[in-house]
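> Given next are the chains, with one letter for each unit.
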Amino acid sequence: MRYAAAALAAVLFTTGAAWDPEEPPSAVSVKVKPGTSKGTGKLTPIAGADRLVAPLGVDPACPATIKIGMRSDARKPAYATMNVEVDPPLTASRTMLTSYLPPGYELGAKLLVAVPPETKEGTYGLRLRTTDKTLSVPVDVMPVDRLDNGGNLALRRPVTASSQHTNANYPPCSVVDGDRSSNGWAGGNGWNDATARAWPDTIAVALGGAKQISRVDLYTLDTERYPASRYGVRDWDVQAQVNGQWQTVAQVRGNTAGNARSDFAPVTADAVRIVALASNGANDYTRIIEVEVR
Amino acid sequence: MDCPSRRSFFGLGGAAFALAFTTDLAHPWTARASVRGGDYPFQLGVASGDPLPDRVVLWTRLAPKPLEPLGGLPFNKIKVDWEIAEDEAFTRRVRHGSAWAAPEYGHSVHVDAKGLRPGREYFYRFRTGGELSPVGRTKTAPAPRSSPDALKLAFASCASWQDGYYTAYRHLADDNPDVVFHLGDYIYEYGIVPTGGNRKVPVPEQFRVQCDTLDRFRIQYGLYKSDPDLQAAHQRAPWIVTWDDHEVLDNWAGRHGPGGEVTEQDYLVIRANAFRAFWENMPVRLPAAHGPDFRIFRRFTFGDLAEFNVLDTRQYRDDQVCGDGQQTDCAARLDPARQMLGPEQEAWLLDGLGGSRAKWNVLAQQIAMIQLDFDPGPAQRLSMDLWDGYKAAKDRLITGMIDRRVSNPVVLTGDIHYNLAGELKANFDDPASRTVGVEFVCTSISSGGNGNPATGLPPGGSDPVNPHLRFSSYQRGYVSCEVTRTQWRSDFKVVPYVDRPGAPVSTRASLVTLDGVPGLQAL
Chain A
432 MRYAAAALAA
442 VLFTTGAAWD
452 PEEPPSAVSV
462 KVKPGTSKGT
472 GKLTPIAGAD
482 RLVAPLGVDP
492 ACPATIKIGM
502 RSDARKPAYA
512 TMNVEVDPPL
522 TASRTMLTSY
532 LPPGYELGAK
542 LLVAVPPETK
552 EGTYGLRLRT
562 TDKTLSVPVD
572 VMPVDRLDNG
582 GNLALRRPVT
592 ASSQHTNANY
602 PPCSVVDGDR
612 SSNGWAGGNG
622 WNDATARAWP
632 DTIAVALGGA
642 KQISRVDLYT
652 LDTERYPASR
662 YGVRDWDVQA
672 QVNGQWQTVA
682 QVRGNTAGNA
692 RSDFAPVTAD
702 AVRIVALASN
712 GANDYTRIIE
722 VEVR
Chain B
152 MDCPSRRSFF
162 GLGGAAFALA
172 FTTDLAHPWT
182 ARASVRGGDY
192 PFQLGVASGD
202 PLPDRVVLWT
212 RLAPKPLEPL
222 GGLPFNKIKV
232 DWEIAEDEAF
242 TRRVRHGSAW
252 AAPEYGHSVH
262 VDAKGLRPGR
272 EYFYRFRTGG
282 ELSPVGRTKT
292 APAPRSSPDA
302 LKLAFASCAS
312 WQDGYYTAYR
322 HLADDNPDVV
332 FHLGDYIYEY
342 GIVPTGGNRK
352 VPVPEQFRVQ
362 CDTLDRFRIQ
372 YGLYKSDPDL
382 QAAHQRAPWI
392 VTWDDHEVLD
402 NWAGRHGPGG
412 EVTEQDYLVI
422 RANAFRAFWE
432 NMPVRLPAAH
442 GPDFRIFRRF
452 TFGDLAEFNV
462 LDTRQYRDDQ
472 VCGDGQQTDC
482 AARLDPARQM
492 LGPEQEAWLL
502 DGLGGSRAKW
512 NVLAQQIAMI
522 QLDFDPGPAQ
532 RLSMDLWDGY
542 KAAKDRLITG
552 MIDRRVSNPV
562 VLTGDIHYNL
572 AGELKANFDD
582 PASRTVGVEF
592 VCTSISSGGN
602 GNPATGLPPG
612 GSDPVNPHLR
622 FSSYQRGYVS
632 CEVTRTQWRS
642 DFKVVPYVDR
652 PGAPVSTRAS
662 LVTLDGVPGL
672 QAL
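Note that the protein sequences, when read in sequence, are chains A and B. Plus 431 on top of the position in the first sequence (first one is 1) and you've got this note's numbering. Plus 151 on top of the position in the second sequence (first one is 1) and you've got this note's numbering.
The following block holds chain A by itself, in its conformation from the complex (with noise of 0.2 Å):
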């Protein structure tokens, strides 16, 4: 049910109509994939990636994320179950992952894994347990300044947000995570205010010193359900703080599309602000997936 309670009292009667914040849209990370069951039985763990880069200090909102899995050879459906192990300090979202999966049939889920503060630098175990095979998957932990950032100045930098969504998994961080796909919106992957129909909504990440910039791209709410025509953010101002100083670099006026991009003039900034002006529509709420800066 969704949005029904606030149009009820804001319509059927006259007094004091409540505002019921409307129920987050579904985050799901399971995924599957169809396949041929070999019939033997087994159950093989699988992961996303062959490592996984854990960056050092950042907000605990937005932890490391991998994809894992199995994949099931028997020769009926079954509620399988596979062990998530991580050597300590790390912590993984998830101590097991159970899940109904018919033969032949690959299911991935999204696990996040956590850097407490006084971990130190180096190579962790990650360990995905079925009783048919355990696969091992090294995590690298490392301090920002470290990552191969593809020359993104923003990513995994500190970010301060005007307010924040409470009714789901909204973190200001997750702009600069790097992921900049819409998907699983509401499970920890974009910024979503707390005030809804009032404007200005900022968003800053400061990018650890001085750095010549000159491009901002900016990635809205876009998927077919959450289109960025109703959902994504229509007018904003690009912002650099230039000794100290927020100047405006640039503007969007009119967006309708799920990503835009701003050059400017180069200038040397401490950080980048988004001032979000509008939305289309939807609630009247800032959705932002990713902000990149170079």
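One thing to keep in mind: the hints can contain errors.
Stated by the list, open to error - Simulated crosslink set (DSSO-like; lysine-lysine; CA at most 30 Å straight-line):
1) B:Lys228 <-> B:Lys376
2) A:Lys473 <-> A:Lys498
3) A:Lys498 <-> A:Lys564
4) B:Lys303 <-> B:Lys351
5) B:Lys216 <-> A:Lys564
6) A:Lys507 <-> B:Lys230
7) A:Lys498 <-> B:Lys216
8) B:Lys265 <-> B:Lys303
9) B:Lys228 <-> A:Lys507
10) B:Lys376 <-> B:Lys230
11) A:Lys551 <-> A:Lys642
12) A:Lys564 <-> B:Lys228
13) B:Lys376 <-> B:Lys351
14) A:Lys551 <-> A:Lys507
15) B:Lys230 <-> B:Lys216
16) A:Lys564 <-> A:Lys473
17) B:Lys265 <-> B:Lys351
18) B:Lys228 <-> A:Lys473
Claimed, not checked - Chain A residues, not near chain B, derived (Cβ > 12 Å throughout):
19) Ser468
20) Thr471
21) Arg482
22) Ala523
23) Leu566
24) Val575
25) Leu586
26) Arg628
27) Asn674
28) Gln676
29) Trp677
30) Thr679
31) Val683
32) Gly685
33) Phe695
For the record, the hints were derived by calculation from the structure and aren't laboratory data. Model, not experiment: these values are computed from the prediction. Here a beta-carbon is modelled for each residue, glycine too, at the ideal position from N, C-alpha and C.
With the hints as your guide, set chain B onto chain A.
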């Protein structure tokens, strides 16, 4: 994975074992006090459900650590003893036995305690490893051919944990009903932020992600069922439950998931996980869910006084049309081919209603059946998720009840987080058309937060846009019903806040429908 047979679930019970159990029970309360520690296995309480005249399902789930996927237990089966007695001190024990709590089923226990007498109160408890569960109170249904004078029931829905405290469940327990109907959204599948939402009770990081796998659904139920007010409501009366959308995914419909990046194949795996977790955690007399199809619609008869048709309006429906949400002029909602209950359940329901000998014929279901026009002007804006979005299916049901001369139809509804009472019309667009029955919609236990006492339609008031509506309020609570041979009385119980514990309860409205006189009167 191997499934234990039903025999291994229900058929155990050695004599020596039972003897040891009895001896230990000489001092039940001192024994219980001494085991309340970090490894107490009954932290999710006990429950009973699906009462019949001679039997009731007794439930528990072993979980010394309720926020872990296997409840802090090893992947082994564990033997659990149970007993049921006529008195709270267990001096008049009538049945006992033991059952396995199996890891494949989240160490849940479902015992169908048979050989009971109709229409009476019983007390039950479990024991494992020398530790005793709390004592639950339950009640069997009246004898099949009896003519009970009265039935006291409560119904509730929509209890988002992070939206607030379950104070309304506590007050529901204090009402001591004969039976409780839960109409769904017992859990919400959403992730929970570590600060714990409106409750401000911290939860582990594992709760950040949304429920999709069985391990994740299990810890969600573990969190919800750790709540002492919810446990009190289960311990006080048998429950008859169904699900709504949030037991799986927001506004799921039949084979259609939420759309976007979730494919039908993903969705059916998630649904299979959700159904299994529902089964593990509910006191239902149903075979364990195994896969994405799970029949839960079923019927309960309370003598010749009332018959309850417990419906599933999610699993067999066609997808919401015109993009879901509220729509004006959506012609597709009128399509006669579209299904809400699915052909099998619809036929089962109409056949049951046609053959019923009960005075009150109840549909315990999820979504509002009375027409709800959300547009204050002449336009008609209707919700595509409610029965309004499935107009032909609704008309078939209402016409079917008229044709079968069904005695006193009463629809009990949840889902919408709003208290409503209204009259079921043969034609909702014609206020002069025949009134067929009544609908009572219970608000949420906690979903939506504190609510607003200043809004709503006073009992007996009239809404110009929805003239069949007789009452509404946007507060949290539940509905308590006193059913007799002459009238059905519904008391809408509300609490002023849920963002902190301990709210008092009050009755916002009392409405009555009289036997043989469809329609509502405010008291």
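> Is the nearest CB of chain B more than 12 Å from the CB of alanine 523 of chain A?
violated (9 Å)
> Quickly compare the C-alpha distance for lysine 216 of chain B and lysine 564 of chain A to 30 Å and report which way the hint goes.
holds (28 Å)
> Just checking, valine 683 of chain A versus chain B, shortest CB gap more than 12 Å?
Correct as stated: the minimum Cβ-Cβ distance to chain B is 25 Å, above 12 Å.
> Once the closest CB in chain B is found, is it more than 12 Å from valine 575 of chain A?
Per Cβ check, valine 575 of chain A is outside 12 Å of chain B; nearest 20 Å; holds.
> Is lysine 551 of chain A close enough to lysine 642 of chain A, meaning Cα to Cα at most 30 Å?
Holds, at roughly 28 Å.
> Taking the shortest Cβ-to-Cβ distance between threonine 679 of chain A and chain B, state whether it exceeds 12 Å.
holds (33 Å)
> For serine 468 of chain A, which was marked as not at the interface, is the minimum beta-carbon distance to chain B over 12 Å?
holds (15 Å)
> Is lysine 228 of chain B close enough to lysine 507 of chain A, meaning Cα to Cα at most 30 Å?
holds (22 Å)
> Holds or violated: lysine 376 of chain B with lysine 351 of chain B, Cα cutoff 30 Å?
holds (17 Å)
> Confirm or reject: threonine 471 of chain A is not an interface residue toward chain B, with every Cβ-Cβ distance exceeding 12 Å.
holds (15 Å)
> Does the alpha-carbon distance linking lysine 564 of chain A and lysine 473 of chain A stay inside the 30 Å limit?
Since the Cα atoms of lysine 564 of chain A and lysine 473 of chain A sit roughly 9 Å apart, the hinted pair holds (cutoff 30 Å).
> Assess, step by step, whether the Cα of lysine 498 of chain A is no farther than 30 Å from the Cα of lysine 216 of chain B, and give holds or violated.
The given pair, whose Cα atoms are some 26 Å apart, holds under the 30 Å limit.
Checked against the numbered hints above, the structure violates hints 4, 14, 17, 22; every other hint is satisfied.
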